[in-house]
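Going down the list, the protein sequences come from chains A and B. Numbers 1 to 435, taken from the working numbering, label the letters of the first sequence in order. Numbers 1 to 194, taken from the working numbering, label the letters of the second sequence in order.
Think of the hints as simulated: they come from the structure by calculation, not from any bench. Since we're looking at a predicted model, the values are computed, not measured. All C-beta atoms, glycine included, are put in the ideal place defined by N, C-alpha and C. Please note: incorrect hints may appear among the correct ones.
Derived list of chain A stretches under chain B, where covered just means 3 residues or more per stretch with a C-beta under 8 Å from a C-beta of chain B [as the list claims (entries may be wrong)]:
| # | region |
| --- | --- |
| 1 | 157-167 |
| 2 | 230-236 |
| 3 | 239-253 |
| 4 | 326-334 |
One-sided and incomplete, this derived list gives chain A residues near chain B with beta-carbon spacing under 10 Å [to be verified]:
| # | residue |
| --- | --- |
| 5 | A52 |
| 6 | V179 |
| 7 | T184 |
| 8 | I186 |
| 9 | L320 |
| 10 | T322 |
| 11 | V323 |
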Amino acid sequence: MKRLLAVGLLALAFPAAASAHATLRYTTPKFGTEVQSSPKTIVFHFDQVVKALPGFVEVLNDKGKDYGGAVRVSGLDMIADVKPLPRGAYTVRWRAISADSHVVSGVWTFGYGVKAPSVMDAYGAGGPTVAEHIVRWIWFLSLALTIGALGLRLICLRGLDVPRRLDRRISVAAGIGVVVALETGIAAFSLRAEDALQLPIGRFLYGDLSPIAATAFGQAFIIMTLGFAVVLALIFFAWLLDRTIFLVPAFLMSLGFVSGLSLSGHDAVDPGSYWATKLADYVHLAAASLWIGGLATLALLVWREAPDLRRPVFHRFSNLATVSIALVLAAGIYLAIVRLPHLHDLWSTGYGQVLLVKIVLVLVVLAWGGFHKLIVGPALERGVSSDGVLARIGRSLIGESVVAAAVLLVAAVLVDSRPPVQPIKAPPTRAAVKR
Amino acid sequence: MKPHAEMVHWMFATGLLLLGLTLLAEAVVGQEVWRKRRWRTYLWPGLAFGMGVLMWPVMAFFTNSAIHMYAHGSWAEVLMLAGGAELGLVHGRLTSRWWRLTMPIAFVVTGTAFLVHEQNTWYFARSAFLHHLLGWTFLGAAVIPLALVFRPRAMGVQSAFALTFVVLAAMLYCDRDVAPVFGHLSPLAGIPHR
Chain A
1 MKRLLAVGLL ALAFPAAASA HATLRYTTPK FGTEVQSSPK TIVFHFDQVV KALPGFVEVL
61 NDKGKDYGGA VRVSGLDMIA DVKPLPRGAY TVRWRAISAD SHVVSGVWTF GYGVKAPSVM
121 DAYGAGGPTV AEHIVRWIWF LSLALTIGAL GLRLICLRGL DVPRRLDRRI SVAAGIGVVV
181 ALETGIAAFS LRAEDALQLP IGRFLYGDLS PIAATAFGQA FIIMTLGFAV VLALIFFAWL
241 LDRTIFLVPA FLMSLGFVSG LSLSGHDAVD PGSYWATKLA DYVHLAAASL WIGGLATLAL
301 LVWREAPDLR RPVFHRFSNL ATVSIALVLA AGIYLAIVRL PHLHDLWSTG YGQVLLVKIV
361 LVLVVLAWGG FHKLIVGPAL ERGVSSDGVL ARIGRSLIGE SVVAAAVLLV AAVLVDSRPP
421 VQPIKAPPTR AAVKR
Chain B
1 MKPHAEMVHW MFATGLLLLG LTLLAEAVVG QEVWRKRRWR TYLWPGLAFG MGVLMWPVMA
61 FFTNSAIHMY AHGSWAEVLM LAGGAELGLV HGRLTSRWWR LTMPIAFVVT GTAFLVHEQN
121 TWYFARSAFL HHLLGWTFLG AAVIPLALVF RPRAMGVQSA FALTFVVLAA MLYCDRDVAP
181 VFGHLSPLAG IPHR
């Protein structure tokens with residue numbers, strides 16, 4: 001234990017011996033711009049003096065051919081010569097030796113005569129991994145918990161005599177959802193950046209994330225982080241002061257800021273996307289979050305904490321779920337038609353196959369929900385009140401929630417997958433070449 | 001247009017100074033007098049919580065490296081946690097004194113994050129020197145809020161706790177992006193801009 005402590009203190013005392021670093025301030029050409037003539041040099045301006053070695057700047061086309069030349073340093077600038085470029089999209093991967101021999105790295109893209117591709121599609125990027133699927137799934141779950149818990153409290157429990165204990169637990173559940181959403185947002189951004197940068201962890205920590213922050217996903221991450229930090233504060237005040245009124249802006253903000261995921265997904269950035277696909281994706285996500293999160297809150301909190309409220313809340317939630325499911329289905333069917341114009345795409349493409357799995361799981365949840373609405377609801381109305389039956393209904397609600405959570409897992413994989421390329425009038429040039 | 005890092009440091013230095021002065025006032029007049037006006041008990045915990053909320057934009061906008069992002073994110077979280085726990089205690093929503101452990105934990109996390117994310121040597125530039133100093137001050141001073149968990153009414157410990165924030169604020173006010181420290185400035189650091 002003492003040795004561990006000593007090692008920890010030494011690591012804190014002498015970090016600089018291993019890794020001083022410089023920060024890239026700006027580049028010429030700028031990140032993600034389209035230039036009209038082949039640049040003869042690429043300039044990297046740092047906040048500190050750096051050293052450079054041959055091969056530290058690669059200018060790669062979409063086939064991986066390197067057009068980078070000699071690299072030199074002038075003041076705070078690192079300047080790389082560039083061979084004459086054919087028109088196309090280019091990825092710039094750079095390294096520089098900072099103070100105390102530490103290497104800083106980064107990646108960005110530009111286009112010569114064509115639109116610059118996203119840095120996520122930089123040459124060499126490998127695409128989403130299993131870790132990214134899982135992180136995105138947890139992100140979806142946490143957002144659903146937040147939106148569902150707040151929605152259930154404000155819509156289904158409105159006007160009822162809600163026990164304080166239940167009220168506080170709903171606030172705590174929503175707060176936990178926000179904290180996890182913030183954490184998984186950071187993790188998702190880091191994983192996406194790590195994929196674009198293609199660096200080992202030690203160098204990734206000091207890699208320049210600015211170009212990734214400038215992408216649609218990066219902007220969504222920033223806006224969602226800021227929004228959900230305020231949501232967390234509002235939920236905290238609702239819990240602290242026992243004032244449900246704070247949950248109203250928290251709920252509306254959650255519903256609004258969850259759009260960040262839609263505005264940075266395939267339906268917003270891929271060729272062929274337009275305002276209707278963005279709106280449909282947002283409606284799909286928001287309605288699904290309200291439904292699944294509300295269901296989990298009903299099963300895990302209301303059913304246990306407030307037996308007297310089970311019947312009225314069940315009926316109210318049943319109506320809310322019906323509306324939510326209708327929106328989810330309408331938006332989902334529209335998006336499926338847009339993304340997969342041919343029926344055979346469902347089984348002949350990877351994206352279609354994942355979508356098929358999702359459809360099957362959704363059908364299971366719908367059947368389960370239908371059983372609750374058409375069989376359990378009327379039974380409760382008739383006055384079924386034995387503890388055994390009510391406990392079984394509670395377990396059945398939990399079961400439905402678990403399958404719904406599985407739907408979100410498949411949705412996470414689907415979001416990270418690329419739909420089949422749509423035929424469009426002017427196909428854009430992409431630098432992306434999967435390894 | 002992002003402000004210079006040093007300006008963000010000054011904003012948070014102002015927050016820390018207000019926090020320290022509020023705590024100092026409480027220590028000087030004593031808790032009984034201080035708590036005669038209920039709103040006063042919410043002052044410093046509310047300030048800490050608010051600084052935590054305001055730290056999120058710093059995390060989100062300053063993404064020049066992952067380690068910077070993680071450091072600022074951890075500060076945002078521990079500030080909200082420690083401030084929120086103290087708000088819960090003064091409002092009566094929380095009752096266990098062990099919630100006060102969130103403050104020494106916040107000090108340790110903050111100090112560690114300062115040391116880990118500052119990768120230049122002590123004498124590289126003024127900001128590097130101050131980051132090291134701030135990190136070690138936070139780590140060393142963590143014993144003060146830890147003592148307050150067990151001796152919440154000890155005036156000496158309360159005063160030390162308040163003065164710690166004043167000292168930390170002074171350090172952050174001294175921060176400059178590129179400036180010498182005791183006449184030292186690494187030739188690799190660039191041109192002083194102030």
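Hints and how they fare:
For the region 157-167 of chain A, the stated coverage by chain B is violated: 0 residues have a C-beta nearer than 8 Å to a C-beta of that chain, whereas at least 3 were required. Given as covered by chain B, the region 230-236 of chain A passes the check, having 4 residues with a CB less than 8 Å from a CB of that chain where 3 are the minimum. Given as covered by chain B, the region 239-253 of chain A passes the check, having 3 residues with a CB less than 8 Å from a CB of that chain where 3 are the minimum. Three residues within the 8 Å Cβ limit are the bar, and the region 326-334 of chain A against chain B gives 0, so the coverage statement is violated.
The interface hint given for A52/A is broken, as the beta carbon of that residue sits about 13 Å from the closest beta carbon of chain B, more than 10 Å. A least Cβ separation of about 8 Å between V179/A and chain B falls short of the 10 Å threshold, and the interface hint therefore holds. The closest approach between the C-beta of T184/A and any C-beta of chain B is roughly 12 Å, which is over the 10 Å cut-off, so the hint fails. The restraint placing I186/A at the interface with chain B holds, with a minimum CB-CB distance near 6 Å, inside the 10 Å limit.
At a threshold of 10 Å, the smallest CB-CB gap from L320/A to chain B is about 30 Å, leaving the interface hint violated. Taken as an interface hint, T322/A does not check out: its beta carbon lies about 37 Å from the nearest beta carbon of chain B, beyond 10 Å. Because the beta carbon of V323/A sits about 33 Å from the nearest beta carbon in chain B, more than 10 Å, this interface hint is broken.
In summary, the numbered hints that this structure violates are 1, 4, 5, 7, 9, 10, 11.
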